[in-house]
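*Asks:* Sequence:
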Amino acid sequence: MALFSVTFLLYAVPPYLGMDPDQARLPIPESPSWFFPMLITHIFGGALLTLLVILQVWPWLRTRHPAVHRWSGRVYVWAGVPLVGVPALLIAPFSSTGGSVQISNTVWAALWLTFTLLGYAMARRRRFAEHREWMLRSFALIYGIAFNRVLLIVLMTIMSPRLDTVYDGDFGALALDVAPASGFLSWVLPLLFVEWWIKYHRRARRGRPSTRAA
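Under the working numbering, the first residue of the sequence shown carries the number 64, and numbering increases by one thereafter.
Keep in mind that the hints were calculated from the coordinates and are not lab data.
Don't be surprised by glycine CBs; every beta carbon is placed ideally from N, CA and C.
This list has only true hints and no planted wrong ones.
Quick list of the computed label-pair ranges, beta carbon to beta carbon: (1) P78 / F191: 38 to 46 Å; (2) V217 / P78: 16 to 24 Å; (3) F191 / P224: 46 to 54 Å; (4) A142 / L252: 24 to 32 Å; (5) K262 / R189: 20 to 28 Å; (6) V131 / D227: 52 to 60 Å; (7) R189 / A244: 35 to 43 Å; (8) S94 / Y263: 45 to 53 Å; (9) R187 / V217: 36 to 44 Å; (10) R265 / I103: 35 to 43 Å; (11) P90 / H264: 38 to 46 Å.
When you get a sec, could you build the whole thing from the sequences and use the hints?
*Replies:* Rendered as structure tokens:
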């Protein structure tokens, strides 16, 4: 997980270090004027959260150094909400890749904010089983950003037989065509996997007492 995170960040973050809109990987709309600053905020904040997730799900750290887990979790929430969730919600309607991606990104931002704040609320109430489930959903959405890059390549490979017949050899047109599917599936698939994992472990926990009794 750490290797995947670092590899993704080394690819995704450098073009934005110079704060130059011309170096961005996606077209930057001329309006609103605050789009690029919000995008930069979202990207740098997302880079921080991607690394913090590793600390949150590392069992050894959680067991041996619970204070580190708690404090990194607080940073995840209270830095993530203003630096990742809110900027994502603001810039989503202005995505240059079309209405479908705009809707997908808006739903992503709304769900991430909801899951993260619910997870924090459950921890404050010491309902740690529910806290863990909500935060796992939040983590799945954060990693959907990186998974999108991988999934886009997979979908373009699958669609490549149509490159000459449908897209006249234009890779850009092909990428724009599959971008909505990639953007949507990149967070839906991880979220579905986490939901399956949560339900699997709920059944396992319910089955333990009867197993002991047997």
